[in-house]
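Dock chain to chain to rebuild the complex, using the hints, since each chain is given by itself in its own frame.
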Amino acid sequence: MGRCRIRKEKEVDVVVELESGIIKKVIIGGDFFAFPEGRIDELQLRLVGAHVEDIRRITESVLKSCEIIGIDKSDLIEALEKASSND
Amino acid sequence: MRLLLVSGDAAFNMALDELLLNLATEIGPTIRFYRFSPSAITIGYFQRVEDAINLEEARKLGISFVRRMTGGGAVYHDENGEITYSVVLPARESVLESFKRICNGVVLTLRRMGIPAEFSPINDVVVNKKKISGSAQTRRFGFLLQHGTIMYGTDLNVMEKVLLPPKKLAQKGLSSIRDRVTTAEMELGRRISFDEILSYAIKGFSEALGDKLDEVGLEELSIKDRIREIEAKYRSREWNWMR
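Sequences listed follow chains A and B, in order.
Under numbering that gives the first Met the number 0, the residues of the first sequence are numbered 0 to 86, in order.
Under numbering that gives the first Met the number 0, the residues of the second sequence are numbered 0 to 242, in order.
Certain hints may be false.
Cut-off 30 Å, straight-line C-alpha distance, at most; resulting in silico cross-link-like pairs (DSSO-like, lysine-lysine) [claimed, not checked]:
1. A:Lys7 to B:Lys160
2. A:Lys7 to B:Lys130
3. B:Lys128 to A:Lys72
4. B:Lys232 to A:Lys63
5. A:Lys72 to B:Lys130
6. A:Lys63 to B:Lys99
7. A:Lys23 to B:Lys232
8. B:Lys129 to A:Lys7
9. A:Lys7 to A:Lys24
10. B:Lys129 to B:Lys59
11. A:Lys7 to B:Lys99
12. B:Lys128 to A:Lys7
Simulated from the structure, these hints should not be mistaken for lab results.
Isolated chain B, as found in the complex (with noise of 0.2 Å):
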């Protein structure tokens, strides 16, 4: 399957994604590892904005937020510390089949790196409990589109001011981020690059997937332009403040 290693800003990703599955009947499944640069939050497609984002802090950290077009919670997407995933491939499973499926693929990418990650239904990653990785899923034209994040180094601190916390976490006692979430570098005690946790993320996806990945470039299937009125979208306030 096609693999496209293209990142942008949250608008240009969440555009990129919606049409890659927009186009899946034409151009078959693809997978898509990226960044978002610079560092942003995502919301899911149900939230309402204020009760998703600390929007003072935000605002004061000058990160920005886009909408998705899949469900879910917010996510913050650091920079320089999260890889994320988007595949596009036949919906024949069903979507709880899906999800672990293909978490199998961040699962598999954190396990060659020495992490004991495991899938936690619906849509997570865990390793002892604590979250790594989370993962959306929209369904249209017979083709799913599932993206989501591994985080290898995210800044925690960032993380826990711009979120604010689902209410059961609140209910729980779990008062620190530190408590529920993770990151590979925590797990391994080591500074961890982009490029290398891409190359394990390739062979985990390869793997989870069981096809082979060819790099192809955005040129080569001529969407650069198609691109941009769906970044319109979500670049608009009228989108992004729905809820």
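Just chain A, with the same shape it has in the complex (with noise of 0.2 Å):
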């Protein structure tokens, strides 16, 4: 399982568990703001089952109409891609 926080205005605490280059689990915790908050849960589903390479279209393409607030969407990717990597 690896793990990666970032702190900007707000934190944001990623949370991954991978299998051969294939997310298994993805937790996306924080302080931050996102609106509507379902995106980032949206982007949870999304991740799992999905390779590591493919982080960053992923997030990019669900977080498009969401506005996150207290961090910046290169700063999710960024934690997302650290925590695989630490994984």
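Spelled out as structure tokens, the structure:
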């Protein structure tokens, strides 16, 4: 299980579990704001079963119409990728 | 705009806030002032329970927690030391602009009491750089719900025990909660009652929102029964332990 926390004005804290490059489990936590919040839940669902190399593409696509406050979307992508490489 | 002065436990309070947002297109803007009876912790929608709360201390003190529908951080709501507000308004401004406008209600409340409060983006109100109020927001159906705290006599010892400090504060070396948090009582050096701060809050928010606040009861809004089903969500393990 890999974990990465990135703090800007708010924090994103990601836990990723991988198996042969495939995401088995992902939790996106933290004290940031997202509008609508459900997009982050959707992203978690979409990442499970995906290859680690597709993290950026999937995240950018799911969060296209999601406004995130306190961190940047790039911070979330970085946290997902770093947590994956820590696993 | 309608003013509701109804308090309950954490699940009830969060359910009523959610319901007021869900019904906003029918009943229009509302503002609520309330307290948590009994004292409780709320955590932000995205927070992991174990990272936000010292569960062992909370259990020892008999303090339970509820996950909010809004993002942001964990809050200890002291029954005898905090007034909570919630506002439902049309979402006409950006998130950051609306945080500032609504938090100005907190600023004006405290300034009326003689406390030099200032808005501190994104979502805090501070006095001499110490946090006295935090807020959180969500949006649905073209409306926003913003709820937040004003600490007038919060027991900071309990707060320090039950909440785990964010990593950044530990890194900054601000180890004592008194270095970073204050209350209206600490600023004024006297006791303050819930009713006293409530009367200032009604005036402060009325001024900030540019609207007269007219008190109504839950019965008048005919929503009493509809709260129960949302309350059940906030009492469920599935919701509260989602992360």
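Pairwise hint evaluation, B:Lys130 against A:Lys72, where the allowed Cα distance is 30 Å at most: Holds. A:Lys72 to B:Lys130 sits at ~27 Å (cutoff 30 Å).
30 Å limit on alpha-carbon distance, applied to hinted pair A:Lys23 and B:Lys232: holds (27 Å)
Satisfaction of hint between A:Lys63 and B:Lys232, Cα-Cα up to 30 Å: holds (29 Å)
A:Lys7 paired with B:Lys130 [C-alpha distance capped at 30 Å]: holds (18 Å)
Agreement of A:Lys7 and B:Lys99 with the hint, judged by alpha carbon distance not exceeding 30 Å: Holds. A:Lys7 to B:Lys99 sits at ~19 Å (cutoff 30 Å).
Given pair status - B:Lys99, A:Lys63, alpha carbons within 30 Å: Holds, because 25 Å separates the two Cα atoms, which is no more than 30 Å.
Holds or violated: A:Lys7 to A:Lys24, with C-alpha atoms at most 30 Å apart: holds (25 Å)
Pairwise hint evaluation, A:Lys72 against B:Lys128, where the allowed Cα distance is 30 Å at most: holds (28 Å)
Hint consistency between B:Lys129 and A:Lys7 [alpha-carbon to alpha-carbon, up to 30 Å]: holds (19 Å)
Agreement of A:Lys7 and B:Lys160 with the hint, judged by alpha carbon distance not exceeding 30 Å: holds (25 Å)
Restraint check for B:Lys129 with B:Lys59, where alpha carbons must lie at most 30 Å apart: holds (28 Å)
B:Lys128 paired with A:Lys7 [C-alpha distance capped at 30 Å]: holds (18 Å)
This entry satisfies every hint, going by the numbered hints stated previously.
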